[in-house]
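**Student:** What the sequence shown shows, in mature numbering (1 follows the signal peptide of the UniProt record, and there is no 0), is residues -19 to -1, 1 to 592, in sequence order.
Don't read these hints as lab results, they were simulated from the structure.
Computed from a predicted model, the values in this text were never measured in an experiment.
Each residue gets a CB set at the ideal place from its N, CA and C atoms; glycine is no exception.
Be careful, since some hints might not be right.
Okay, derived cross-link-like pairs now, SDA-like style, lysine to any residue, Cα gap no bigger than 20 Å in a straight line [what the hints assert, rightly or not]: (1) Lys569 with Thr521; (2) Lys281 with Thr320; (3) Lys438 with Gly534; (4) Lys14 with Glu144; (5) Lys33 with His169; (6) Lys281 with Pro235; (7) Lys276 with Pro297; (8) Lys544 with Leu506; (9) Lys90 with Glu111; (10) Lys569 with Gly534; (11) Lys373 with Asn290; (12) Lys438 with Tyr370; (13) Lys33 with Pro235; (14) Lys569 with Thr500; (15) Lys498 with Ala395; (16) Lys80 with Glu144; (17) Lys450 with Asp246; (18) Lys106 with Lys33; (19) Lys569 with Asp484.
Pair by pair, the computed Cβ-Cβ distance ranges are [claimed, not checked]: (20) Arg73 with Trp220: 54 to 64 Å; (21) Leu82 with Pro235: 24 to 34 Å; (22) Asn583 with Ala552: 48 to 58 Å; (23) Ser408 with Lys90: 30 to 40 Å; (24) Val224 with Met113: 18 to 28 Å; (25) Thr252 with Ala552: 51 to 61 Å; (26) Tyr103 with Ile215: 38 to 48 Å; (27) Gly394 with Gly148: 35 to 45 Å; (28) Tyr6 with Trp220: 20 to 30 Å; (29) Lys90 with Glu144: 15 to 25 Å; (30) Gly394 with Pro83: 25 to 35 Å; (31) Val547 with Val490: 18 to 28 Å; (32) Ile546 with Glu270: 56 to 66 Å; (33) Ile546 with Ser146: 35 to 45 Å.
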Amino acid sequence: MKHILNGFFLTAVFFSAFAQNNNSYWQQEVDYKMNVQMDVKTFQYKGTQELKYTNNSPDTLNKVFYHLYFNAFQPGSEMDVRSRSIADPDSRVMDRISKLLPSEIGYIKPTMFTQDNTTAKYTIKGTVMEVMLNKPILPGESTVFSMEWDAQVPSQIRRSGRESSEGVALTMTQWYPKLAEYDFEGWHADPYIAREFHGVWGDFDVTITIDADYTIGGTGYLQNPAEVGHGYTIPGQKWMKPVKGKYTWHFLAPDVHDFAWAADDDYIHDTYPGPNGVTLHFFYKDNPEIAENWKNLQPKTAELMAFFNEQIGEYPYEQYSVIQGGDGGMEYAMSTMITGGREFGSLVGVTAHELAHSWFQFVLATNESKHEWMDEGFTSYISDEAMNYVMKEDKPNPHAGSYRSYLYMATSGAEQPLSTHADRYASNRAYGVNAYSKGSVFLTQLGYVIGPENLSKTLKRYYSDFKFKHPTPNDFIRTAEKVSGFELDWYLMDWTQTTNTIDYGIKTVENEEENTKVTLERIGLMPMPIDLYVTYEDDTQELFYIPLRMTWGEKPNPFTDLKRIVLEDWAWAYPTYTFEIKSGKKIKNMMIDATRRMADINPENNLWEAK
C-alpha cells in the first residue's frame, strides 16, 4: 500500500459555538502614540500614551478596560498562585514569582488618566484596569484617552523580562497599558494568568529612549535609521552622535494589534532579503557558539516565508524580525522572540512555528483565550508542513506527532473540550495537547473529510476573506463549506465542543461465491466518512468510499491513479454498514483509512487480513 501513503498534502480549517454574522461585521479601532524613557540600570521606565479609540460597535460604551500585564510578575498574583497550585506547573514559572524581591517584580502603575482632557476614575485589580468614563462613547464616535505610567521590567520568567537565561537584557512584550478588546461578545478583559491574548486592530507610533549602545528590534518600521544606526542604515551611511549618551528610536506600525520590542547592548543585527521585497531582520547575541546557526537560519527563514505565502496568502508587511529573547518562542506583530542557543534543526523549527503565527493570529486575529486551538493548532499544522518541505524531511504524514499526542489524551480520561478557555484547563498538558495537537489534527482530518485540494482552497480563501479581522471558528468552517459544498457543522461541533471520539472497525468479512460481504461498525460517538482500501491477491487495489450522510457531499478522489468506487452514504445513527465487493477476486487485506488521517482511537480494528 505504499503508493496510497505517498503524496498526501493538506491545509487548513476552523470552528466556534458562537460566531459573528459577517453581513454586519464590525471591529473596534485604536491608534496609539507612546513615548518610553528606559533606565537600563534599574530596569524601570516611564511611559506616556495617547490613545484614540473609535467605537465601531452598535453599542454605547460607559467603561473601558486595560491590560496591565507586568503586574502578573508579583508574589501573590493570579499567575503566581495558579502556577503553584496546578498539578503540572510550567517549568519556567514554578514558584519563581513568589520569590521575587521588590527590585525584581514587574509592575505598571498609571499615575494619570484622562478622557478628552478630563480626569477619569479607574480601578486596578491585578492585571486589569477598569475605567469609568466621564462621557459615554456612542456608536461611531471616537474619544482620546491619555495616560502616564511608571513601570518596572520583571526578572525574566515568562515571555517578558530582563536578563534572560541567555543574557538578553530586555524582552519587552506585554509591556504597555493595552486596551482590552470589545467585540460582538462584549468585553474581553481576561487577567494574565498563563497564556493567550486578544487585541484591538490599529496603528502604533512609538518612541523609545535608551542608552546609545543598545540595539532595538521588534514591531514596526524604524523612522530614523540615520540617527540611531545599529545596522539599520544603508551601506556607507553614518549615524548621528547620541544625546546625553542616549538615542531615541521612532517606530511606526500600521494595522497591527500589538507592539513588542527587545533591546541588548551585545546584539548582532543582520538583514536578509525575503520574498516579495520583505526585509528579514535577525538580532542575536554576539556569541561565536551560535553565530553559524543564526547565519544559516537566514535563508531558511526566507524559504519558510515563501512557503507560507504560497500555502496561505502573501505576508502583508514589509519586514519581519527574528529576535533572540524571551524564554522559548513567542509570536508578536512583525516579529518573534526565541531562545537562540539551540541545535540548528530546533532553531529552524521554532522560527517556522513563530513565523507561521504571523498568518494565524497576527493577520487572522482570533481570540486566543477562547479559541487557542485556532492559532496554535493551525500554526502547528502549517509549520509542520513547512518543515517537511524546507528541511526535506519527506515524512509521509508530517503531523503524526500531533496524532500521537491527541490519541494519548483522548484515551487518558483527562481530555477537556477544545472550547475550554485557555486558562481553565485542569493541567498544562491538557492545554498543550488540545491547543497544538488536537488543533492541528482538526485541519489534517478536515482534509480527509473534504479532500486535500478543498482544504488547500479553504485555507487560502479564509485568509483572503478574513485577514485583518477577528474570525471565529464558525467563520472558518463556513468558508470550508462554501469551498467544498459540504455541510460541516457536525464536524466543528463534535471535534471542538465535545470529547466524542472516532472509532470505526471492520466487523465481519464473508465470502459468498465470487462476492465478498463486508460489514463495518461505528463504535465511537463521532461520525466520519469512510475510505476503505482493498488489496487483492494479485496486488491490485481499489478504494471504496462511503460518504457520511450528514455532509451532503462527496470528496474528490485523493488518488487519481487508484480506482475508487463510491458507495451509498452511511447515516450516523446506524451502528453498522454492510456492502458487497463484486470484483470476483480474492481479497488479501483491507484497511480503513490507510493514510491514517482519521483520528481513530483504536486503529487495530481498522485492518483485516485473509488467513
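**Student:** Please go over all the hints and tell whether each is borne out by the structure.
**Tutor:** Checked hints:
1. About 10 Å separates the Cα atoms of Lys569 and Thr521, which keeps this hinted pair within 20 Å; it holds.
2. Distance restraint check for Lys281 and Thr320: the Cα-Cα separation of roughly 17 Å lies within the 20 Å cut-off, and the hinted pair is therefore satisfied.
3. Restraint check: the Cα-Cα separation between Lys438 and Gly534 comes to about 16 Å, which is no more than 20 Å; the hinted pair holds.
4. Annotation: proposed proximity of Lys14 to Glu144 is violated, straight-line Cα distance about 27 Å (limit 20 Å).
5. Only pairs whose Cα atoms come within 20 Å are accepted, and Lys33 paired with His169 is accepted, the gap being roughly 19 Å.
6. Only pairs whose Cα atoms come within 20 Å are accepted, and Lys281 paired with Pro235 is rejected, the gap being roughly 27 Å.
7. Between Lys276 and Pro297, the direct Cα distance comes to roughly 25 Å. Violation of the 20 Å bound is thereby established for this hinted pair.
8. About 30 Å separates the Cα atoms of Lys544 and Leu506, which puts this hinted pair outside 20 Å; it is violated.
9. A C-alpha spacing of about 13 Å is found between Lys90 and Glu111, which places the hinted pair at or below 20 Å, so the restraint holds.
10. For a cut-off of 20 Å, the pair hint linking Lys569 to Gly534 is broken: about 30 Å separates their Cα positions.
11. Restraint check for Lys373 and Asn290: the C-alpha separation of about 18 Å stays at or below 20 Å, so the hint holds.
12. Proximity of Lys438 to Tyr370 is assessed by CA-CA distance (about 19 Å); at most 20 Å being required, the pair is judged to hold.
13. As the CA atoms of Lys33 and Pro235 are separated by approximately 14 Å, the hinted pair is consistent with the 20 Å bound.
14. Between the alpha carbons of Lys569 and Thr500 the distance comes to roughly 16 Å, so the proposed pair stays at or under 20 Å and holds.
15. Restraint check: the Cα-Cα separation between Lys498 and Ala395 comes to about 39 Å, which exceeds 20 Å; the hinted pair is violated.
16. Simply put, Lys80 and Glu144 have alpha-carbon atoms about 17 Å apart, close enough for the 20 Å limit, and the pair holds.
17. A C-alpha spacing of about 37 Å is found between Lys450 and Asp246, which places the hinted pair above 20 Å, so the restraint is violated.
18. Of the supplied pair hints, the one linking Lys106 and Lys33 is violated, its CA atoms being roughly 24 Å apart against a limit of 20 Å.
19. A distance of roughly 23 Å separates the Cα atoms of Lys569 and Asp484; the hinted pair therefore is violated under the 20 Å criterion.
20. Range check, Arg73 to Trp220: about 37 Å between beta-carbon atoms, so the 54 to 64 Å window is missed.
21. Look at Leu82 against Pro235: about 40 Å separates their beta carbons, and that is not inside 24 to 34 Å.
22. Between Asn583 and Ala552, the C-beta spacing of about 22 Å breaks the proposed range 48 to 58 Å.
23. Ser408 and Lys90 have their C-beta atoms about 34 Å apart, which keeps the hinted 30 to 40 Å range intact.
24. Distance hint check for Val224 and Met113: the Cβ-Cβ separation is about 40 Å, which falls outside the suggested range of 18 to 28 Å.
25. As the Cβ distance of Thr252 to Ala552 is approximately 59 Å, the hint placing it in 51 to 61 Å holds.
26. Taken as a hint, the range 38 to 48 Å holds for the pair Tyr103 and Ile215, whose Cβ atoms sit roughly 45 Å apart.
27. For the pair Gly394 and Gly148, the beta carbons lie near 43 Å from each other, so the given range of 35 to 45 Å is met.
28. In this structure the supplied range 20 to 30 Å is violated for Tyr6 paired with Trp220, their Cβ-Cβ distance being about 45 Å.
29. Lys90 and Glu144 have their C-beta atoms about 22 Å apart, which keeps the hinted 15 to 25 Å range intact.
30. Between Gly394 and Pro83 the beta carbons are some 44 Å apart, a value that contradicts the proposed interval 25 to 35 Å.
31. For the hinted restraint 18 to 28 Å between Val547 and Val490, the CB-CB distance of approximately 20 Å keeps it satisfied.
32. Look at Ile546 against Glu270: about 59 Å separates their beta carbons, and that is inside 56 to 66 Å.
33. Restraint check, Ile546 to Ser146: a C-beta distance of roughly 59 Å breaks the suggested window 35 to 45 Å.
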